[in-house]
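Student: Letter by letter, the chains look like this.
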Amino acid sequence: MRKEAFGPPSVSARKARASRIPWDAAYQNLLGAFALFVFVVAALIVYECARGASPAVLAYGWRFLVSSDWDPVAEHFGALPYLFGTAMSSGLALLLAVPLGLGTAVFLAELAPKGVGKVVSFVIEALASIPSIVYGIWGFFVLAPFLRTAIEPWLGSHLGFIPLFQGFPFGIGMLDAGIVLAIMILPTIVSLTRELLLATPRSLLEASLALGSTRSEAIAVVVDAARPGILGAVILALGRALGETMAVTMVIGNTNRISLSLFAPGATMSSVIANELTEATTALHQASLIEIALVLFLVTLLVNAAGRLLVLWATGGRRDVAGAA
Amino acid sequence: MIRVSRRATEWMAGLVAISTLAAMAPGCRAQSLTGAGATFPYPIYSKWFDVYHQKTGVTINYQSIGSGAGIQQVKAGTVDFGASDAALSDDKLRDMPRPVIHFPTVGGAVVLAYNLPDLKGRLQLTPDVVTGIFMGKIPTWNDKRIASINPGVELPGSPILPVHRSDGSGTTNIFTMYLSSVSSEWKNTIGYNTAVSWPAGVGGKGNEGVAGLVRQQPGSVGYVELAYAKQNKLPYALLKNKAGNFVDPTLASVTEAIEGASDRLAKDVRTPIVNSAKGGAYPICGLTYLLVYRDSKDTAKAKALAEFIQWAIHDGQDMAESLDYAKLPAAVVKVDDANLMKLTSNGKPLLASR
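Line order of the protein sequences matches chains U and H.
Just so you know, the first sequence maps onto residues 1 to 325 in the working numbering.
Just so you know, the second sequence maps onto residues 1001 to 1354 in the working numbering.
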């Protein structure tokens, strides 16, 4: 029996066979071209963004990222308020969604009766298919008045000594954006974590129960085993929160002022692009917005890469767990 | 064989005859024009394009992608005309590959919509108060600067929340141009543009975003287009004009404002019309423009476009008011007419004088 029968055929064997069957070679090349196409598109996006942003890069250099002055009239452009807004809204979303998402996932995977688990999972996955404009409308017309009249005044009067909860309750603002984002990224966290927990070997759970753990201790062992994958799920969710545009634009209040308060309006990188690109009439304004797009693209790329590396490092390359992320 | 070929010949002859007829009859050869730009005049433009198509067969495709993008498209030469709520500055005109002519088509006003649920009657505002509110310098509604111009009206002690547009917009351009013309402080620290660095308040996306915020938040005041406020039944303020009268923004008071600026418009059609000196003029208003290259290569297209503009500024004006746009006063129509005569194709005038 030939050695290649068990593994992928060696390059020489593939070539030899390809030359015998010309259609096969053409087929392989075609699929290869498809795969290459993805890289070409990604590279073109970076190239076009960099080209479009070059006037702003030349004009401001690194100051673009640390200046908080965004004045289209005077043509001073600094992206700091938007970097800050993106970090704050996404951070808040993770803070709210991670505990909720992990708890839900553990319940669904380990504790819920089968029927309940299926129904709840279905509903949570349905959340992922709701268009972001619908979340925006909900955040604007339902959540914002509720925050303004009930939640924010309460937070202000009880926790008002913390800068996070100071200021006038507008309803719309960072808190609204963070909550809407948290709901939007919840399905990613829940469904991935649930899959990961279900994929962990049952023997782990059974072994720790056999050693005398309580049920919650045994679940902790399972969650611990799935930890790197869960981290991956959280990072994918972060990726969605960073780039979310429409819903955030509708509820964040859109001002370029940096404020520590969750009640204050702000803006994110994607929201300022959505707001200003169509009417950006000067070359520098347009270039600055494109530079923000470039930075956002690179940040999400870095976040994803960092996530993958973390997972790889945490698992020591164990593909069975890491692969699911 | 012979029969078949004879039949084929007949067919061919028929086809040739039909196509010749089609080419000869000018009415049958429908022109198709493309334009892009401002979103504000889109309702009236699409109405005009529709009516004009039924009348003449000329098809006009218009993409309302925003004034900024429209200007870019004109510059790139990808459209036959552009549309913008803000006139091009001298710098931007120089940037264009060839001379561009502005044609004002209709006027619009920007009103201050407010949410004061317990207020009886209409709120009255002055230029100083509007500037103060949007600079964040007037903290509450019962501030004496507001109370003194609203005698006999009980104003609440609640904080004022100014609401502005978050997206770049011709509406913002008109509003900030007005603030710049009434306040040197605003002019020097903020200025005017389709997007500015707002010193206070929150931003909503689009007219509907601003209106939504105003409707939700008691104590808020925001600027929206007159048409939008009317159609959505938002209360909006009377504003003191240059002549010292408190004026209700109506289509008539906008047309009067445009009329007041017609002498200056005759010299340069791009002149801002905010803060008109006429007695009954509402001060925050602007014109929306079509941008057309003065000379173009394609004579048939250029002629069709010139004829359309001529129709729009005369017959088309009657449709404006039903869609809440202010008509051009006769003096400005005259300016447009004179500019139409300047349009040429390969150096030859397109229209015979009317």
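Derived from the structure by calculation, the hints contain no laboratory data.
One thing to keep in mind: the hints can contain errors.
To be clear about the criterion: a stretch of chain U counts as covered by chain H if any three or more of its residues have a C-beta under 8 Å from a C-beta of chain H, and this derived list gives those stretches [as the list claims (entries may be wrong)]:
1. 66-76
2. 164-178
3. 274-283
Ideal placement from N, C-alpha and C gives every residue a C-beta, glycine not left out.
Student: Determine for every hint whether it applies to the structure shown.
Tutor: Outcome of the hint check:
1. 66-76: holds (count 6)
2. 164-178: holds (count 5)
3. 274-283: That given contact holds, which follows from 8 residues of the segment 274-283 of chain U lying within Cβ reach (below 8 Å) of chain H.
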